[in-house]
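Those protein sequences? They're chains A and B, same order as listed.
The numbers in my numbering rise by one with no breaks, and the one at position 385 of the first sequence is 385.
Whatever position you read off the second sequence (first residue = 1), add 1000 for my numbering.
Read the hints as simulated data drawn from the structure, not as lab findings.
Please note: incorrect hints may appear among the correct ones.
Taking lysine to aspartate or glutamate pairs in the EDC-like style, the calculated list, with each CA pair at most 16 Å apart, reads [claimed, not checked]: (1) B/Lys1160 x B/Asp1208; (2) A/Lys354 x A/Asp315; (3) B/Lys1032 x B/Glu1007; (4) B/Lys1052 x B/Glu1024; (5) B/Lys1222 x B/Glu1357; (6) B/Lys1011 x A/Asp254; (7) A/Lys160 x A/Asp208; (8) B/Lys1011 x A/Asp119; (9) A/Lys160 x A/Glu129; (10) A/Lys222 x B/Glu1024; (11) B/Lys1354 x B/Asp1278; (12) A/Lys11 x A/Glu310; (13) A/Lys11 x B/Asp1049; (14) A/Lys160 x A/Glu178; (15) B/Lys1011 x A/Glu310; (16) B/Lys1222 x B/Glu1380; (17) A/Lys50 x A/Glu64; (18) B/Lys1222 x B/Glu1309; (19) A/Lys52 x A/Glu7; (20) A/Lys11 x B/Glu1309; (21) B/Lys1354 x B/Glu1334; (22) A/Lys11 x B/Asp1254; (23) B/Lys1222 x A/Glu310; (24) A/Lys52 x A/Glu64.
Derived coverage of chain A by chain B (criterion: at least 3 residues anywhere in the stretch with Cβ under 8 Å from a Cβ of chain B; other residues may be distant) [what the hints assert, rightly or not]: (25) 29-43; (26) 65-72; (27) 276-290; (28) 329-340.
Beta carbons: idealized from backbone N, C-alpha and C, even for Gly.
Number of protein chains: 2
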Amino acid sequence: MQNFVFENRTKILFGRGMERQVGEEARRFATKILLHHSGGHVVRSGLLDKVKDSLKAAGVQWVELGGVQPNPRLSLVYEGIRLCRNEKVGLILAVGGGSVIDSAKAIAAGVPYAGDVWDFYDGKGSPAEALPVATVLTIPAAGSEASPSSVITDERGPWKRGLTAECLRPVFSILNPELTFSLPPYQTACGIVDMLAHIMERYFTREDHVELTDRLCEATMKTIVRNAPVVIHDPTNYHARAEIMWAGTIAHNDLLGTGRIGDWATHMIEHEISALYDIAHGAGLAIVFPAWMEYNLLVDVRRFARFAEEVFGVDGLFYDPEQTARQGILRLKEFYRSIGLAPSLREADIPTDKIPEMARRAVIMGPIGAYRRLDASDVEAILRLAAR
Amino acid sequence: MQNFVFENRTKILFGRGMERQVGEEARRFATKILLHHSGGHVVRSGLLDKVKDSLKAAGVQWVELGGVQPNPRLSLVYEGIRLCRNEKVGLILAVGGGSVIDSAKAIAAGVPYAGDVWDFYDGKGSPAEALPVATVLTIPAAGSEASPSSVITDERGPWKRGLTAECLRPVFSILNPELTFSLPPYQTACGIVDMLAHIMERYFTREDHVELTDRLCEATMKTIVRNAPVVIHDPTNYHARAEIMWAGTIAHNDLLGTGRIGDWATHMIEHEISALYDIAHGAGLAIVFPAWMEYNLLVDVRRFARFAEEVFGVDGLFYDPEQTARQGILRLKEFYRSIGLAPSLREADIPTDKIPEMARRAVIMGPIGAYRRLDASDVEAILRLAAR
């Protein structure tokens, strides 16, 4: 086990009707807030009105900024920063999924900063302070509701860059599983792949003697795998939606990474696929992860065999761990198919001619991954495995 | 799953040598602190000197108050409050185990309060604010290093009372497993029983559909059960000490209770045994918990059977869950014996003549427990089961 620091201040309010408490919670931080959202479903569903009613009842004023898009844009972040400064806002409330929350975090970092907030995303320093951010979550997937991370796209590039800073962790997040009943199956499935990947990126480590976190990872992965088919086929099942929603937060709140180093190469390879072919992040992860596992299987086959046994119940004969591990990958791909996602470039109808270009771009800042450092030829080999 | 609020602000610094960071961390909160401890081992081992060196290097001044005893006393708390006020202390640093931390929390609640701090323990109100508390943990057991709870004894009664308030949760806790190498086997075992009990009190619930927390509980219990014999027989095994230490924090930081109501009857029954016979809290829990399980087995045998299967690997034949559940209790008792503790009053050489008195005292404030409400006759029946 490696030395670690673990800290997570986010207050979680979880359950039916919890969004009615947003006004009371917000008032602990500010009397005037920025209400940030994407428009569309949160408006049509009546959620935004409920939030406003709660704010009104608590005597909290707001200014509104909608229009957040998937892959949230820097231009809207700039607009949010101006708005917060002019209106002397004390808290940013994101109502939506990961994109809205990430956009809110960028605005929060930018408001007290004299320079260009893109500096932080461009690696030129880290924010020492930020406005407090809070969330009402509508899409369990990215884990941004309790994470210190934000990913923003500067559309002038386009450059997609991430930022992690403890001051960006939301001060509170409201999670009502009922708000996810109306998520379409495809979006639900992409979220499930994303949260599972957040755990797998941490689970596949070369560190031994991380028993408790291994077991906590396995517990969370098993919960996701068991409840995924339920929420796909019975979308208003509260119990299953609740398990998935809470698992999505636990997957990425840093608890499951304690004592070990995450890998994250799969996420970086995926970014190149979605950048070129505009597919959802979760759909891309379903393509890359099984191939990454296959390529790295023999680095430490014990861990991949354990994954197969614990998460998918493969019968792990001790004298042939490689076969156990390979069956785990097959089961993972079957799992992705069962929730409607394609676990290969071929099944996703994505051409293979740009594999060398994607491989080159994935390592443009240097080798990626921690479980095993990958250069362009490794990434190309992984994408060739993903093609089949 | 029930609605819940989960919040835990405690920053954990975990690993070898982490106590050297205490000065830097403390300085974020105050330039003058109270250094609170029990004397004895923390002095002889050199830990206190290391802490002082770190404080000195960071420019943090301290006043010192040692002498905390097991079942920490109200009189010392009063002394600490006076000292903090006179010296204008801004943080209380507890160096030790649960007793020292609980004493520090009581002082922290008392300093800004105009009345008698015992009011809070006596149920006359809850503290709205407290001085920040931080810890350097030396005994993994009570979980106080990341909990909002404190138990204090007013020796004039004696009355032993608990207090829970979010403002008492430590702002940071330093956990170095090496500091537990010198814990004697008996104390190590008592700590293990205590942390396991913290999970079991939450695990045994009538709430269905708490799948993720069930699995997280099982993951943590399995880790404790697997590493317990290692730390008993190989006390300087860093890996095993680390698993036990981190598990002790996770067991009681409230994550494992999300979505469900804890029972806590076993803890209340145990308090009566240790009050009369002056045995360690963990030793008492080892006596009461198997009996509590046996008494409640048929309320919902499925959960007790699941416990047997998941935590102790009992082969769970679906047509006879009762037998599976009973074997789980036998295995739990065997586990306690294997780490040197007696799982019955008889084996612990405790007489049975005061069982009616203990039963009466345990429910003096009304029925106890949530899994099943217990009155005096129930508690007496449990203690009779514990006698065998």
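Structure-based check of all given hints:
Distance check on the hinted pair: B/Lys1160 and B/Asp1208 sit about 34 Å apart at the alpha-carbon level, beyond 16 Å; violated. Of the pairs offered as hints, the one joining A/Lys354 and A/Asp315 is violated, with about 38 Å between alpha carbons and a cut-off of 16 Å exceeded. Between the alpha carbons of B/Lys1032 and B/Glu1007 the distance comes to roughly 28 Å, so the proposed pair goes past 16 Å and is violated. Between B/Lys1052 and B/Glu1024 the CA atoms are separated by roughly 12 Å; this keeps the pair inside 16 Å, and the hint holds.
As the CA atoms of B/Lys1222 and B/Glu1357 are separated by approximately 36 Å, the hinted pair breaks the 16 Å bound. Distance check on the hinted pair: B/Lys1011 and A/Asp254 sit about 12 Å apart at the alpha-carbon level, within 16 Å; holds. For the given pair, A/Lys160 sits about 34 Å from A/Asp208 by alpha-carbon distance, which is inconsistent with the 16 Å threshold. Simply put, B/Lys1011 and A/Asp119 have alpha-carbon atoms about 28 Å apart, too far for the 16 Å limit, and the pair is violated.
Straight-line distance between C-alpha atoms of A/Lys160 and A/Glu129 comes to about 22 Å, which puts the hinted pair past the 16 Å bound. Between the alpha carbons of A/Lys222 and B/Glu1024 the distance comes to roughly 40 Å, so the proposed pair goes past 16 Å and is violated. Restraint check for B/Lys1354 and B/Asp1278: the C-alpha separation of about 14 Å stays at or below 16 Å, so the hint holds. Proposed proximity of A/Lys11 and A/Glu310 is contradicted: the alpha carbons are some 31 Å apart, above 16 Å.
Simply put, A/Lys11 and B/Asp1049 have alpha-carbon atoms about 36 Å apart, too far for the 16 Å limit, and the pair is violated. The hinted pair formed by A/Lys160 and A/Glu178 fails the criterion: a straight-line CA distance of about 32 Å is larger than 16 Å. Between the alpha carbons of B/Lys1011 and A/Glu310 the distance comes to roughly 30 Å, so the proposed pair goes past 16 Å and is violated. Annotation: proposed proximity of B/Lys1222 to B/Glu1380 is violated, straight-line Cα distance about 31 Å (limit 16 Å).
Among the hinted pairs, A/Lys50 with A/Glu64 is consistent with the structure: their alpha-carbon atoms are about 14 Å apart, no more than 16 Å. Simply put, B/Lys1222 and B/Glu1309 have alpha-carbon atoms about 11 Å apart, close enough for the 16 Å limit, and the pair holds. In summary, the hint linking A/Lys52 to A/Glu7 is not supported, as the alpha carbons are separated by about 31 Å, beyond the 16 Å threshold. As the CA atoms of A/Lys11 and B/Glu1309 are separated by approximately 34 Å, the hinted pair breaks the 16 Å bound.
A hinted pair counts as satisfied when its Cα atoms are at most 16 Å apart, and B/Lys1354 with B/Glu1334 does not qualify at roughly 26 Å. As the CA atoms of A/Lys11 and B/Asp1254 are separated by approximately 12 Å, the hinted pair is consistent with the 16 Å bound. Simply put, B/Lys1222 and A/Glu310 have alpha-carbon atoms about 14 Å apart, close enough for the 16 Å limit, and the pair holds. Between A/Lys52 and A/Glu64 the alpha-carbon distance is near 10 Å, which keeps this suggested pair within the 16 Å criterion.
Proximity of the stretch 29-43 of chain A to chain B, defined as three or more residues with a beta carbon under 8 Å from a beta carbon of that chain, is not established by the 0 residues found. Three residues within the 8 Å Cβ limit are the bar, and the stretch 65-72 of chain A against chain B gives 0, so the coverage statement is violated. For the stretch 276-290 of chain A, the stated coverage by chain B is not satisfied: 0 residues place a CB nearer than 8 Å to a CB of that chain, which falls below the threshold of 3. Note: the stretch 329-340 of chain A has 0 residues with beta-carbon separation from chain B under 8 Å; the three-residue rule is not met and the coverage is violated.
Violated hints, in rising order: 1, 2, 3, 5, 7, 8, 9, 10, 12, 13, 14, 15, 16, 19, 20, 21, 25, 26, 27, 28; the structure is consistent with all others.
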